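We have chain G; now place chains Y and E onto it with these hints.
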Amino acid sequence: MKNVARYHREIPQRYRLEAGKCTNCGYIAFPPRLICPKCKSKKFETIRLSDEGKILTYTIIRVSAEQFSKQTPFAVGIIELNDGVRLTTQIVDTDLNNIEIGKKVKIVFRKVQEDGKAGILCYGYKAVLV
Amino acid sequence: MREVVVIGAGMTKFGELWNKSIRDIFVEAALKAIEDAGVDYIDSMYIGSMSPGLFTEQEHIGALMADYLGITPVPATRVESACASGGAAFRQAFLEVASGASNIVLAGGVEKMTDAEDVTAALATAADQEYEVYQGITFPGLYALIARAHMHQYGTTRKQLAEVAVKNHRNGAKNPNAQFGFEVTLENVVNSTMVADPLRLLDCSPVTDGAAAVIVASAEVAKNIKKDFVRVIASAQASDTIALHSRESFTKLGSVVKAAEKAYRMAGIKPKDVNLVEVHDCFTIAEIVVSEDLGFFEKGKGGEAVEQGLTSIEGGKIPINTSGGLKSKGHPVGATGIAQIIEVYEQLLGKSGARQVKNARIGMTQNMGGSGASCVIHILEVK
Amino acid sequence: MIGIVGYGAYLPRYRIKAETIAQQWGSDPESIKRGLLLNEKTVPGQDEDTITISVEAAKNALKRARINPQEIGAVYIGSESHPYAVKPSGATLVDALGIGPHVHVASYEFACKAGSEAMYVAYSHVKAGEMKYALGIGADTSQGAPGDALEYSASAGGAAFIMGKENVIAEILFTHSFTTDTPDFWRREGEFYPRHAGRFTGEPAYFKHILGAGRALLEKSKLSPKDFKYAVFHMPNGKFPQEVGKKLGFTKEQLETGWIVPWMGNTYSGSSPTGLAAILDEAKPGDLIFMVSFGSGAGSDGFILKATDELPKVQNLAPKVRDLLNNNKIYLNYGEYAKFRKKIKVNE
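Chains as they are written, first to last, in this note's numbering: chain G, 1 to 130; chain Y, 1001 to 1383; chain E, 2001 to 2348.
What the hints contain is simulated information worked out from the structure, not anything from laboratory work. Computed from a predicted structure; not experimentally measured. The beta carbon of each residue, even a glycine, is placed where N, CA and C say it ideally should be. Some clues are possibly wrong.
[What the hints assert, rightly or not] Chain G is faced by these chain Y residues, among others (derived, beta-carbon under 8 Å):
#1 Y1068
#2 A1149
#3 A1196
#4 L1244
#5 S1246
[Claimed, not checked] DEER-style ranges, computed between Cβ atoms:
#6 Y:P1176 / G:N3: 44 to 50 Å
#7 Y:Q1308 / G:K103: 33 to 39 Å
#8 Y:D1228 / G:L96: 53 to 59 Å
#9 G:G119 / Y:G1053: 18 to 24 Å
#10 Y:L1186 / G:N24: 51 to 57 Å
#11 E:G2026 / Y:V1190: 42 to 48 Å
#12 G:H8 / Y:V1190: 31 to 37 Å
#13 G:R9 / E:S2221: 27 to 33 Å
#14 E:V2346 / G:E52: 31 to 37 Å
#15 E:G2202 / G:R9: 17 to 23 Å
#16 E:K2165 / G:R9: 36 to 42 Å
#17 E:V2346 / Y:P1176: 40 to 46 Å
#18 E:K2313 / Y:N1191: 34 to 40 Å
#19 G:P12 / Y:K1262: 35 to 41 Å
[What the hints assert, rightly or not] Below are the SDA-like pairs computed for lysine to any residue, each with C-alpha atoms no more than 25 Å apart in a straight line:
#20 G:K111 / E:G2100
#21 E:K2222 / E:P2262
#22 E:K2033 / E:R2215
#23 G:K70 / E:V2103
#24 E:K2087 / G:V63
#25 Y:K1262 / G:P37
#26 E:K2345 / G:I11
#27 E:K2059 / G:V63
#28 E:K2017 / G:T72
#29 G:K40 / Y:G1254
#30 Y:K1317 / Y:D1273
#31 E:K2339 / G:V63
#32 E:K2339 / Y:T1193
#33 E:K2339 / G:R16
#34 G:K111 / E:K2033
#35 E:K2329 / G:G102
#36 G:K104 / E:N2328
#37 G:K42 / G:V63
Isolated chain G (complex conformation):
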């Protein structure tokens, strides 16, 4: 069984892209951090990230951990959102041959993992080509 508390505490980031913006230097930490890696300030304000961006690099996973084995092959890429923040996410709903570095994507809300047949469903962000 998945630990429910561990899933629950990441919800703001995974569901609605909440990040911490350093009130001193403007660095955006996703997920939020306690200390700014750029200026060492400890003051952040909570913001929500842009839901649009572009592909910086990507791969097609053909051999996965058990959790994802029914979904292979699937694409995972590093996306740079319009506010400059980068994240790793699946790129779904496309012919895998259509994925290219530089292509524009939009963030969507999807189911990411399932804890077997009886455990919790785990949701979060994924990207689709625009």
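Leaving out everything else, chains Y and E in the frame of chain G:
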């Protein structure tokens, strides 16, 4: 700091060791090292192991191995830094001897990977579990992200990636301890099963059981025990962001650059002074990127270098992974960093047989964890 | 004025053609396409369910409503395929969209009319003055048993409606509900596929209840079918809504805009709500809209709506139903479809 030397080494054959347990293989390697060094005591022991808990459901292996090695109550500690655990364990032994706290320390590494239910998931814990792995990324996947970016930015080719595998298997074929000690062709590599585009099966290091151990001692004490030993002239370590996506560049490994700078400074040498290097080729792209970040080749030229044979044993510039590397020799993650030390130790002592680098005087090891979030570098020298 | 202040739809990109299913079971594709008036249907991706569809539809509704999500006082999701038997779908949605936590949330189920039910209660809250805005959603990822007639229709999608009093884009003028115990279609607790009573689902169920609610609405409003620009009914297949419309006195032209079932399939709780969204995509100020849902078991909810001057301002702020239906389609073969819909036994 006191001068530190390596006076003995031992390792198991690497491979799928179905009939041997994690304690069997570690004790086998440790005893060989102790016998090779000819010591009758050790002051303490560090064991690099990435995840005995996930692979074999056994934690607390420091005490376990001291017990089965019959050396209790000697202090024994497991060191973890993902795939750089072995290098980190060696560094702890180095520091303990250099500080004067101990005279003789065993640095070992072990991983029993074939006992795991889901090796891919266990290895993936070395990446950011909540923000990379949650999405389904794997280690071949993370290095594929690096490979795609390197190919896009520098024009590195599919063939150049394959050349790394071909060279390392050629070297590994001369290493009796290698898991896959056979040669492969370019065609074999580029036609092997796709694992994470653009990386194929033969771009990836295998799942391996294995253990390795070395005996580290102060030069002072060593002189009275053994004639042939090698000096540790640099030990350096650096970290980087746990998630690949948090880095400014996906084609440069910051921890490798930083650890290398420190190591060269500590040893007082430059890249051109190094006669051979064991790098962490968990995937073919890793060897190309690391060969650049260690300063052997200009950024973006690592692919061309291997294609031109500059990294082969006879290539003239810098022999890389004479042991066969992780690719051919095998990659029992926690043992890898120590096995790299053993290769350089034997090369510097002229004991490497068919894969011997002529007149090797200075050798380097580069061991890394995750997608480069940890890097440990050592430089060894023989007088 | 009370009514819809924002609406949005979502349909998955995957499709399966009626002939692909027919070929699998050795049926004649042409007779199915002719008999049921179904060409293809939407299929949810492996990572889509009623919750994710509801979130995407509600995102589009928020884009059109242009309101602070924090002002939404209630969220109701109607579905017969809530991913959890016990755990509210709406709780995930409010956290995904930044609504709440000061919000009333409930999951509704009433076969295919759970969506209109959610709309009805959301509307009633606003009308009662309990809250400024309320969100009602109909969404489903319905399953038809392999080889069953339902397999040609059971599809995935949904629509979301934010009810309010300010900047109303479609005023709700009249409502009416009609319910009896009519066991035409059901799914017992723990069963994966629903059962249905064959032709009993027609006259005593679908037609009786839609006509019951529809006629009452016309009587209440003192309007006649010719006063309406558009009408939409629950769409279990292509044929039924056309027949029921005719019986009530509506023409094919009035039904055309909301009649999306031949290319979407039956999105169950999302069916007539998505049809309504397709109408709102096109309607002009002053247009009257007639909508009656149907849920097996059985009941119907009816609404009479009137497009306002605000509607044209928001129509282009989010994707239109026809665009969702026509663009970026990815066709599946039966094997892929069976895998996507978890119809293949695998080791867990």
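Hint numbers the structure violates, sorted upward?
1, 12, 13, 15, 18, 21, 22, 23, 24, 26, 27, 33, 34, 37
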